[in-house]
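Novice: Each chain, letter by letter, is given below.
Protein chains: 2
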Amino acid sequence: MKLIVLGCYSATPRTFNNPTSQVLEIKGNLFLIDCGEGTQVQLRKNKIKFARIKNIFISHLHGDHFYGLIGLISTFRLLGREADLTIYGPKGIKQAIILQLKLSESWTNFKLRFVELESDEPELIYEDDKVTVTTIPLTHRVYTNGFLFQEKPNERNLNIKAVEDFDISRAYYQKIKNGDDITLEDGRVIPNEQLTFDPTSPKSYAFCSDTVYKVDNVPQLNGVTVLYHESTFLDEHQHLTDKTKHSTAKEAAKIAVKADVKTLILGHYSTRYGSIDVFKDEAQTIFKNVELAEDGKVFEF
Amino acid sequence: MKLIVLGCYSATPRTFNNPTSQVLEIKGNLFLIDCGEGTQVQLRKNKIKFARIKNIFISHLHGDHFYGLIGLISTFRLLGREADLTIYGPKGIKQAIILQLKLSESWTNFKLRFVELESDEPELIYEDDKVTVTTIPLTHRVYTNGFLFQEKPNERNLNIKAVEDFDISRAYYQKIKNGDDITLEDGRVIPNEQLTFDPTSPKSYAFCSDTVYKVDNVPQLNGVTVLYHESTFLDEHQHLTDKTKHSTAKEAAKIAVKADVKTLILGHYSTRYGSIDVFKDEAQTIFKNVELAEDGKVFEF
Numbered sequence: 075m076k077l078i079v080l081g082c083y084s085a086t087p088r089t090f091n092n093p094t095s096q097v098l099e100i101k102g103n104l105f106l107i108d109c110g111e112g113t114q115v116q117l118r119k120n121k122i123k124f125a126r127i128k129n130i131f132i133s134h135l136h137g138d139h140f141y142g143l144i145g146l147i148s149t150f151r152l153l154g155r156e157a158d159l160t161i162y163g164p165k166g167i168k169q170a171i172i173l174q175l176k177l178s179e180s181w182t183n184f185k186l187r188f189v190e191l192e193s194d195e196p197e198l199i200y201e202d203d204k205v206t207v208t209t210i211p212l213t214h215r216v217y218t219n220g221f222l223f224q225e226k227p228n229e230r231n232l233n234i235k236a237v238e239d240f241d242i243s244r245a246y247y248q249k250i251k252n253g254d255d256i257t258l259e260d261g262r263v264i265p266n267e268q269l270t271f272d273p274t275s276p277k278s279y280a281f282c283s284d285t286v287y288k289v290d291n292v293p294q295l296n297g298v299t300v301l302y303h304e305s306t307f308l309d310e311h312q313h314l315t316d317k318t319k320h321s322t323a324k325e326a327a328k329i330a331v332k333a334d335v336k337t338l339i340l341g342h343y344s345t346r347y348g349s350i351d352v353f354k355d356e357a358q359t360i361f362k363n364v365e366l367a368e369d370g371k372v373f374e375f
Numbered sequence: 075m076k077l078i079v080l081g082c083y084s085a086t087p088r089t090f091n092n093p094t095s096q097v098l099e100i101k102g103n104l105f106l107i108d109c110g111e112g113t114q115v116q117l118r119k120n121k122i123k124f125a126r127i128k129n130i131f132i133s134h135l136h137g138d139h140f141y142g143l144i145g146l147i148s149t150f151r152l153l154g155r156e157a158d159l160t161i162y163g164p165k166g167i168k169q170a171i172i173l174q175l176k177l178s179e180s181w182t183n184f185k186l187r188f189v190e191l192e193s194d195e196p197e198l199i200y201e202d203d204k205v206t207v208t209t210i211p212l213t214h215r216v217y218t219n220g221f222l223f224q225e226k227p228n229e230r231n232l233n234i235k236a237v238e239d240f241d242i243s244r245a246y247y248q249k250i251k252n253g254d255d256i257t258l259e260d261g262r263v264i265p266n267e268q269l270t271f272d273p274t275s276p277k278s279y280a281f282c283s284d285t286v287y288k289v290d291n292v293p294q295l296n297g298v299t300v301l302y303h304e305s306t307f308l309d310e311h312q313h314l315t316d317k318t319k320h321s322t323a324k325e326a327a328k329i330a331v332k333a334d335v336k337t338l339i340l341g342h343y344s345t346r347y348g349s350i351d352v353f354k355d356e357a358q359t360i361f362k363n364v365e366l367a368e369d370g371k372v373f374e375f
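Read top to bottom, the protein sequences are chains A and B. Numbering-wise (our numbering), the first sequence opens with residue 75 and increments by one. Numbering-wise (our numbering), the second sequence opens with residue 75 and increments by one.
Check each hint, because a few of them may be wrong.
Identical chains share a label here; the pair holds if one copy fits it or two copies do between them.
As the list claims (entries may be wrong) - Result set (DMTMM-like, lysine to aspartate or glutamate): computed pairs, CA atoms no more than 20 Å apart in a straight line:
| id | residue 1 | residue 2 |
| --- | --- | --- |
| 1 | 371 | 267 |
| 2 | 319 | 290 |
| 3 | 128 | 179 |
| 4 | 317 | 179 |
| 5 | 324 | 310 |
| 6 | 165 | 179 |
| 7 | 176 | 192 |
| 8 | 319 | 179 |
| 9 | 277 | 194 |
For the record, the hints were derived by calculation from the structure and aren't laboratory data.
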């Protein structure tokens, strides 16, 4: 998996800070997560081909996560896009986009499909042969979902030396990778574990923004490879989290500990602080493996 | 008058090209004209205080003139704005903005007023003690207006030597600037023209984008100080203007000649051309005093 952070600041776009948007690449598939104002320019700056984006996931309808979507769709249209586009987001997102397309008399020539979300329980909303995406119900000032991207179990790895020693035809390799035992021409049955190594563990990425500190989600997040969790505030402003429905860096770290994730990425920083390094320092008092999202930063895992 | 070009390219925001937005300053009052995606960042880059913007004029509801408006309003709200804001634009603009504020449960704490336009005739839509703004009906793929900003006639300039020679009290200076004659204590009436010089001519600015070449507007544009006229295309692509309802640089220059304007500013360039200098070259074959809009450029007149 490869995560490209297009923007990771809260509230408003600024000269050097972009609002939330991320591109997640899983085995060659691109998923766009959130789309604050200016996302299309960030996509260009990061040299991401627009045509590769076929699914867009919007966490909630606050401007810093959503106001770049209509412009991106409009640009897709102007560039002559033909491929279908599916948008997953809170109920109401379809009306907002359709109204603006209607007012500009700019109907897309590609198929635009909306999957509107309104459940408060996790829902499987996307599945292909490599990946599933499930909503993570979050608690914010408006209806909000995080998204859990999970690779499907990988194939077993062929033990090349073993299959060659048994003189097994290449025609059987895919069956062996799928876990099948093999019957040789002399009738001997070779158990799959003699022909393969264990597959690499499927990876997972959980995007949690915007939300208060919410332990209810820990079971769903258990063991994820990478957790992106918003950390709008430092500990000194913890008293603001109740009204704003945001989290602190320490609260994000507590979720990371409880869910036993491998890596925590912080983001959605308030711009009130001089440096973002302090977010890492505070989180690391609770959880060791912390990374800081920054606009344009790429994580591979 | 001072014109600050925030963005002047057509179609889509790009890494180094911003869609249409301009700030016009007239005697200390700021008017925002159009608001493509990213306008709020351009305002920050050009160090324009958000609080000074009280009136926003939107020509039409295509994305490159409009998709930055909801984000700007949202940012005004987040920054705690209290001053009223009035938005002038095509019918439908109110519904699009209100729907998005509703979906994000982000009602403004300042008064947001909409003046929705639907007439095909010029309308006086704004007036204060210094300025009037009148719509300029344009012809584009959707309902579109340009805007004519006109200074009100200036006060007469005081002839300091004359008023001192007649020993006239300062208490009468404003009356004299307003054009009144003065009766001295000895009964003599001094005609105003002996006490003042002619005022400087009021200036005017006409914003015409987006539109086809439209001679119907020439009488309304007659004699304006500065005409901003879109020039999406060069002459080689004149055949595209009919379908797209845009103009060429030469067509913009023809309007400037017919309306006898002082200065023509070109903008709304298609990004298909390598350099914008050619727009000026082509226009100057028809009209001499041509300037090129560029993002961040300031014109004083």
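Novice: If a hint holds in the structure, say so; if it doesn't, say that too.
Specialist: Structure-based check of all given hints:
1. In this assembly of identical chains, residue 371 and residue 267 lie within 20 Å of each other by CA distance neither inside one copy nor across copies; the values are 40 Å within and 70 Å between.
2. In this homomeric assembly, residue 319 and residue 290 come within 20 Å of each other (Cα to Cα) only inside a single copy, at 15 Å, whereas the closest approach across copies is 55 Å.
3. Proximity of residue 128 to residue 179 under the C-alpha cut-off of 20 Å is found in neither arrangement, the shortest distances being 23 Å within a copy and 28 Å between copies.
4. In this homomeric assembly, residue 317 and residue 179 come within 20 Å of each other (Cα to Cα) only across copies, at 14 Å, whereas the closest approach inside a single copy is 40 Å.
5. Taking the shortest alpha-carbon separations for residue 324 and residue 310, only the intra-copy value of 11 Å comes in at or below 20 Å, while the best inter-copy value is 61 Å.
6. In the homo-oligomer, the alpha carbons of residue 165 and residue 179 lie at most 20 Å apart only across protomers (13 Å), although the nearest pairing inside one protomer, at 23 Å, exceeds that limit.
7. Proximity of residue 176 and residue 192 under a CA criterion of 20 Å is satisfied inter-copy only: 16 Å between copies versus 24 Å inside one chain copy.
8. With identical chains, the CA atoms of residue 319 and residue 179 are at most 20 Å apart between copies only, with a shortest distance of 14 Å across copies and 37 Å within one.
9. When the C-alpha separation of residue 277 and residue 194 is checked against a cutoff of 20 Å, the pair qualifies neither within a copy, at 25 Å, nor between copies, at 59 Å.
When each numbered hint is compared with the structure, violations occur for hints 1, 3 and 9.
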